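Here the protein sequences come in this chain order: A and W. So in the working numbering, the last one in the first sequence is 114, and the numbering has no gaps at all. So in the working numbering, the last one in the second sequence is 1118, and the numbering has no gaps at all.
Simulated from the structure, these hints should not be mistaken for lab results. Treat the hints with care, as some may be off.
A short list of chain W residues far from chain A (calculated; beta carbon distances all over 10 Å) [claimed, not checked]:
#	residue
1	Asn-1024
2	Ser-1027
3	Asn-1041
4	Gly-1043
5	Glu-1064
6	Asn-1105
With a Cα cut of at most 25 Å, we get these calculated SDA-like pairs of lysine to any residue [unchecked claim]:
#	chain 1	residue 1	chain 2	residue 2
7	W	Lys-1110	A	Lys-1
8	W	Lys-1113	W	Ser-1028
9	W	Lys-1117	A	Thr-98
10	W	Lys-1117	W	Ala-1017
11	W	Lys-1049	A	Gly-42
12	W	Lys-1110	A	Asn-59
13	W	Lys-1049	A	Thr-20
14	W	Lys-1069	W	Lys-1117
15	W	Lys-1049	A	Pro-61
16	W	Lys-1113	A	Arg-9
17	W	Lys-1049	A	Glu-82
18	A	Lys-57	W	Tyr-1025
19	W	Lys-1058	A	Thr-98
20	W	Lys-1110	A	Leu-83
21	W	Lys-1058	A	Asn-71
22	A	Lys-57	A	Thr-5
23	W	Lys-1049	A	Asn-71
24	W	Lys-1117	W	His-1096
25	A	Lys-1	W	Ser-1026
26	W	Lys-1069	A	Lys-1
27	W	Lys-1069	A	Thr-98
28	A	Lys-1	A	Asn-71
29	W	Lys-1049	A	Ile-12
30	W	Lys-1110	A	Gly-28
31	W	Lys-1049	W	Ser-1026
32	W	Lys-1049	A	Gly-28
33	W	Lys-1110	A	Asn-71
34	A	Lys-1	W	Ile-1060
35	W	Lys-1110	A	Pro-61
36	W	Lys-1049	W	Lys-1113
37	A	Lys-57	A	Ile-26
38	A	Lys-13	A	Glu-82
39	W	Lys-1069	W	Asn-1041
40	W	Lys-1058	A	Thr-100
Fair warning: this is a prediction, and the values are worked out from it, not measured in the lab. Ideal Cβ positions, reconstructed from N, Cα and C, are used throughout, including at glycine.
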Amino acid sequence: KAGVTQTPRYLIKTRGQQVTLSCSPISGHRSVSWYQQTPGQGLQFLFEYFSETQRNKGNFPGRFSGRQFSNSRSEMNVSTLELGDSALYLCASSLAPTSTDTQYFGPGTRLTVL
Amino acid sequence: AQSVTQLDSQVPVFEEAPVELRCNYSSSVSVYLFWYVQYPNQGLQLLLKYLSGSTLVKGINGFEAEFNKSQTSFHLRKPSVHISDTAEYFCAVRLHMNYGGSQGNLIFGKGTKLSVKP
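So that you can see chain A by itself, here it is in the shape it has in the complex (with noise of 0.2 Å):
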């Protein structure tokens, strides 16, 4: 079975620009988390997706949003780009979204604001 895919795995962008990073997950999953990492804050918590639905989300500004579309593939935004949104973005997929279900994660992508 295929693993969760994210696309692309490399992005460069200016300040100011907007930015969609794709992720898909494995077959048959149905929840997908977003987590943010950098060296200095670590791994840290987007929003999670069950059912097209956001069902938590962390402590980032409106510049970030997602959706999930009904194959359950998920998509994260973010607009107006600024320095500090030069991070790794991990997506990870779940069955469901309780907390004894594993999240497998994805490969990432690399987004470098410039």
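Could you slot chain W onto chain A? The hints should help.
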């Protein structure tokens, strides 16, 4: 609020030596506990998890961890490390879902970089 503290940011060790990576957590409610590993330029891979039952949990690649509720710790151990274990290791917690709504996000520690030297 919940938090996870990984006491060592870097742990150098020689090949075939034992290793312990320390993790302490703080939470006013019950949590589940996880250890993930991240190899360079890759995502996170689950090593093991504690949900309930025996406090000694065995995971992949020869790793094990012991849940100690009184000390709120979940230290990761391996009796003999290999060069291939060089990676960053993350301890994480998730709330028990005893109430409505999704509380399923992982709360991570800052990570411990394990460096195995020949």
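So which hints don't hold here, by number, going up?
-> As far as the earlier hints go, 3, 4, 6, 7, 8, 9, 13, 14, 15, 17, 21, 23, 24, 25, 26, 29, 30, 33 and 39 are violated by this structure, in ascending order.
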